[in-house]
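Enquirer: Take a look at the letters that make up each chain.
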Amino acid sequence: MPEMTYRDALNMALKEEMRRDPSVVTWGEDVALYEGSFKVTRGLLAEFGEERVKDTPISENTIVGVAVGAAMGGLRPIAELMTVNFALLAMDQIVDHMAKIRSMFGGQVNLPMVVRMPGGGGSQLGAQHSQSLETYFMHCPGLYVAYPATPADAKGLLKSAIRDNNPVIFLEHELLYNSKGEVPEDPEFLVPFGQASVMRPGTDATIVAYARMSILAQQAAAELENDGISCEVIDLRTLTPLDTETIMASVQRTGRAVVVEECWRTAGLGGHIAATIGENCFDTLRAPVKRVSGLDVPMPYSRKIERICIPQTETIAAAVRELMAAKY
Amino acid sequence: MPEMTYRDALNMALKEEMRRDPSVVTWGEDVALYEGSFKVTRGLLAEFGEERVKDTPISENTIVGVAVGAAMGGLRPIAELMTVNFALLAMDQIVDHMAKIRSMFGGQVNLPMVVRMPGGGGSQLGAQHSQSLETYFMHCPGLYVAYPATPADAKGLLKSAIRDNNPVIFLEHELLYNSKGEVPEDPEFLVPFGQASVMRPGTDATIVAYARMSILAQQAAAELENDGISCEVIDLRTLTPLDTETIMASVQRTGRAVVVEECWRTAGLGGHIAATIGENCFDTLRAPVKRVSGLDVPMPYSRKIERICIPQTETIAAAVRELMAAKY
Amino acid sequence: METKLRAILPDHELIRFYEQMVLSREFEESCAEQYTKGHITGFLHLYSGQEAVAVGATAGLHRDDYILSAYREHPQAIIRGADPRRVMAELFGKSTGLCKGKGGSMHLFDPDLNFMGGYAIVGGQFPIACGLAFSAKFRGEDRIAACFFGDGAVNQGTFHESLNWARLWELPVLFICENNFYGIGTEVHRSSALASIHRRTCGYDIPAEKVDGMDVIAVYKAVKYGAEKVRETGMPYFIEATTYRFRGHSMADPAKYRSAAEHEVWKSRDPIPNYAKRLLEEGIATQAQLDAILAKAQETVQEAVRFAEESPWPEDASVYEDIYV
Amino acid sequence: METKLRAILPDHELIRFYEQMVLSREFEESCAEQYTKGHITGFLHLYSGQEAVAVGATAGLHRDDYILSAYREHPQAIIRGADPRRVMAELFGKSTGLCKGKGGSMHLFDPDLNFMGGYAIVGGQFPIACGLAFSAKFRGEDRIAACFFGDGAVNQGTFHESLNWARLWELPVLFICENNFYGIGTEVHRSSALASIHRRTCGYDIPAEKVDGMDVIAVYKAVKYGAEKVRETGMPYFIEATTYRFRGHSMADPAKYRSAAEHEVWKSRDPIPNYAKRLLEEGIATQAQLDAILAKAQETVQEAVRFAEESPWPEDASVYEDIYV
Ligand SMILES: Cc1ncc(C[n+]2csc(CCOP(=O)(O)OP(=O)(O)O)c2C)c(N)n1
Ligand SMILES: Cc1ncc(C[n+]2csc(CCOP(=O)(O)OP(=O)(O)O)c2C)c(N)n1
Ligand SMILES: [Mg+2]
Ligand SMILES: [Mg+2]
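Protein chains in written order, with this note's numbering: chain A, 1 to 328; chain B, 329 to 656; chain C, 657 to 981; chain D, 982 to 1306.
None of these hints come from the bench; they were simulated from the model.
Hints should not be assumed to be uniformly reliable.
Computed footprint of chain C on chain A; a stretch qualifies when at least three of its residues, placed anywhere within it, have a C-beta under 8 Å from a C-beta of chain C [what the hints assert, rightly or not]: (1) 187 to 200; (2) 211 to 224; (3) 303 to 313.
No farther apart than 30 Å at their CA atoms in a straight line, the calculated lysine-lysine pairs in the DSS-like style are these [what the hints assert, rightly or not]: (4) B:Lys367 <-> D:Lys1118; (5) D:Lys1237 <-> A:Lys39; (6) C:Lys912 <-> C:Lys877; (7) B:Lys367 <-> C:Lys693; (8) D:Lys1118 <-> A:Lys15.
The C-beta atom is built at its ideal place from N, Cα and C for all residues, glycine as well.
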């Protein structure tokens, strides 16, 4: 299997699916001629032409809404929002339309569409450009939400998203674009939705994470191994559907859980996962479920303090250590 | 103390604060001439004139953004969005601007502003008009979020919101507008933010709720009393700041907790509260924290099935009974 | 001088316009009654007064063309061919409704009729119409998307974004503004810097036209022309139809913001009796025929109510259905 | 024939224009260097090439007038009076920065200067400018809000909503579009149905004017005129200044979408040397004076860098500060 970057794996998925199905089209700000602000759409315009790969005006709500309409009309659009932050301008089309149309029209129409958006903090982009808004999408029935951690999952999940007949929010982490890993070349390689991946088996504690947080959790687990603490790392892959089964099975065994979320802690998705664990594993939990979260602050620009606001390998490791040390 | 409706209590708060401070201004769709779609702004135009009470075009993002600018310029604007559903069109100004401006500009400016919005389901308005989006606002540092349950709190919290120098999201429940209660006439009557109210003391279980859910929780508690189950009902009043102290003190005593949220369960604010209880009361919890939540579905129109999608008195009571019955 | 009706369309089509307008009116007035009785709940926005727009416009479109509208859309769905019984059942929240009782008054939808939905977020349908038009263009289909909206909707950001987009991508969208001069209680000149709505397209280089929305024939001609232009050029076109709603914004609105005098003027322009007069004057129909049409419409509506009443409620389990595929 | 400079402004002001443009350019080019060295991180959008707009416009405004801009705003803040040292420190993320290191390059702000912020959400500043203008009008202050934005921003919904709003509420807003013909890699005619941006105000009944944004004097005159109109009428006014950025969109952009030929044409219109030529030709400054101005600007910028380098980082505890009052 060739090694490639998360970015290239996404690019491969886009190309394969566009080759496979002529009804797959894509648009967004600067995705065509400029080949994407993060270059994920590199080569698409050249290969598929300007009817299928289109630049748009800076009009996020309409970028999504046109995709909603096109999907209703039978195409399989992939809309890119330049970053997840701009999804705030498109919440109306995402939450009120994309997520609801099938249901409010009594199931008479499908929306086979994907909205791709890079997100996450850590690049010193300040408060308006560093948000982790995954909770907003997860807290919206009618959407699927994928957020890959590895290049292979990036490919496999994006391909599944494009083939799925439900509307999918597809998040990509800006700091993972250059990360490398083995990626199957098979154009039929798909990663199914709703199946978390056990990135690392372990016995003492379960770390539940997603996207870049899973990578940091793996690093933390490796570090903890040296201290004789064995962590199971679960990468969720999709936030909706959420693979509660895998999570619960693991926590039933380990008796301890840390949930890592890049988003703000208050009312973040980690609370839901922690609460769900609490509901299902009350008898087996040997310590309270811990959350490691983004701080409840608008992201500061300065790298010196930005770092504090995002979970890091050491904060994850510290949380596990605390959990192990606590006497209950 | 006179009895009055939640609607009139809000109206009284608006009038008192506009009399008290000439820099308080208000605008929104149909708030002036039409006196508000739910008549909360009745009499304002007549008393305060068209410079202070203004109708706007249907442009939600700009309704909020103009308030952001006016607050920056030293006024105390109260913007009304006709319902919380339309806040999805204004998420950019709410989350990216209103919540962040103070912090991202290094604390050099305050935004003493309020965005009022009626919300909640249960009126057969269908998927696009029945949302409970409180999680979105609570999951956004930089905002305060108030959501009164009673007429007295409606008055006292709105007055506090208007006087506060921070940006406040002020939610009102559509099904509470006609509810009645005693309301202090004192124009200095304020309900402070971050102080939950213990609506009903109890010893067996704690029910944490907000807004209309608190009213239903009270009814459930009354019913349960007949079965010899004593519930403490905590009405949060403000979601941010969240009064964790009052919640924890109660759960420490009762050992059992039910969190009631009108919003969708997945990634909803109830998960955060449940997780926080789990973290803080691990030793004293005698059963897992239960959540009673809105179903994870776009709201159906038909009243027959809409009802199922929203927590009801009986579902809350059933959750408490289950909790009491469970053996751990 | 007005052109004679027969010079425009054959008799049976002229009569169908009348039938459709009468059915629309009867349907809406029956809804009001059912709302008062508590059979219809939620928001109910009635179309009475605006019938000439929906009837004329639908006739000016091809059967294949997509139609999208807002929440004041019962007649638009029915004229396009939706079964009045299933529309009424939807309003009753019954499982036999057009959307199984999940949509309600504001969310009618029938893909078989290319009726692509009633939307309740003001301005929500603009980008969706563009998307549908794109899909048609992409597949080289000869169909256009007709997007209905009100005078209040033109101040929403999506209006701007979508008009710009439609022109830029050269999409076959026919924008039809039903200017009834009010967005709830706000008169158009108090919400729009430029109250003459069709003139707002100048910034997008989209041709526009204003038409008397109380005259079904004028609307028909304008929409037919506009739709042809869209088909011919592959570009958007814009029609402003001035009209009036005889009732309040919704059943909850007593409409006190409008003067009795204003109301009277518009009542005198009621599209139904005025059109009836023309049909009679030009000898296209007799009074007896018109009476029969009304009777038949009333019967259809009664039958719709009966059907809705007798239909079963949705099953509880259905709340989890139709969300994901 | 061009009017002679002296007919327009006294020498010291003419010279100040030059000083400000040179300082802007030097500041930006120094930022590029500091970015390459890793001292400045995140996104960095440089203003080089567009100096005539900020300098001319700021001079055309009153000191009391509000200024708002987007993320390409360092020179706008500095020309308004922000200390270059504190601006550079902000870019370095230091606690002495204009916003204590919390804002960074895209979020400069100084209320004492009525510089009401750099915004990073394209179109985010439109409604805020309207709100500031409203607050000024409400209090009867003689000030206006000048709102800068790019050619890419005009397709955002907020543009439409805010222009309509400003005209409807009669707000003193001066809209200044810096049309540098690109929004990142997308040329204006590929994003706007009507590429002649000032013509887009026709739908709002807002007067508009186009000006050569490479000519500081032309910009100054247009903005002075526009600002006076706004003050006089209490209504919005719109200026499109055509200009060019000599660098990529941000430091990450090699700008391959623009031809070398195009770049050359615009380079020949560089506002700084062209203005220098006029100053020399009209005997307003000698070459020696101009050289001294450059030297001083370089010194100011070096001092700014030194200050930024030596400044302390924000304290960790500061992450919880400045959020709530
Ligand atoms: C985004 C949004 N904002 C506000 C509303 C509330 N609302 C419903 S209808 C309406 C007025 C719309 O007026 P217009 O577009 O003229 O349509 P009409 O009702 O006259 O047919 C408003 C403000 C809404 N449904 N959606
Ligand atoms: C809402 C939003 N969408 C997209 C972006 C990403 N983005 C940053 S700058 C830019 C182009 C803006 O172009 P223009 O308005 O012409 O300003 P210029 O960069 O030319 O000064 C884009 C798309 C953003 N910051 N905000
Ligand atoms: Mg209207
Ligand atoms: Mg530009």
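Enquirer: If a hint holds in the structure, say so; if it does not, say that too.
Expert: Tested hints:
1. 187 to 200: With 0 residues closer than 8 Å to chain C, the region 187 to 200 of chain A misses the three-residue bar; violated.
2. 211 to 224: violated (count 0)
3. 303 to 313: n = 0 at 8 Å, threshold three: violated.
4. B:Lys367 <-> D:Lys1118: holds (28 Å)
5. D:Lys1237 <-> A:Lys39: holds (14 Å)
6. C:Lys912 <-> C:Lys877: violated (34 Å)
7. B:Lys367 <-> C:Lys693: Since the Cα atoms of Lys367 of chain B and Lys693 of chain C sit roughly 24 Å apart, the hinted pair holds (cutoff 30 Å).
8. D:Lys1118 <-> A:Lys15: violated (55 Å)
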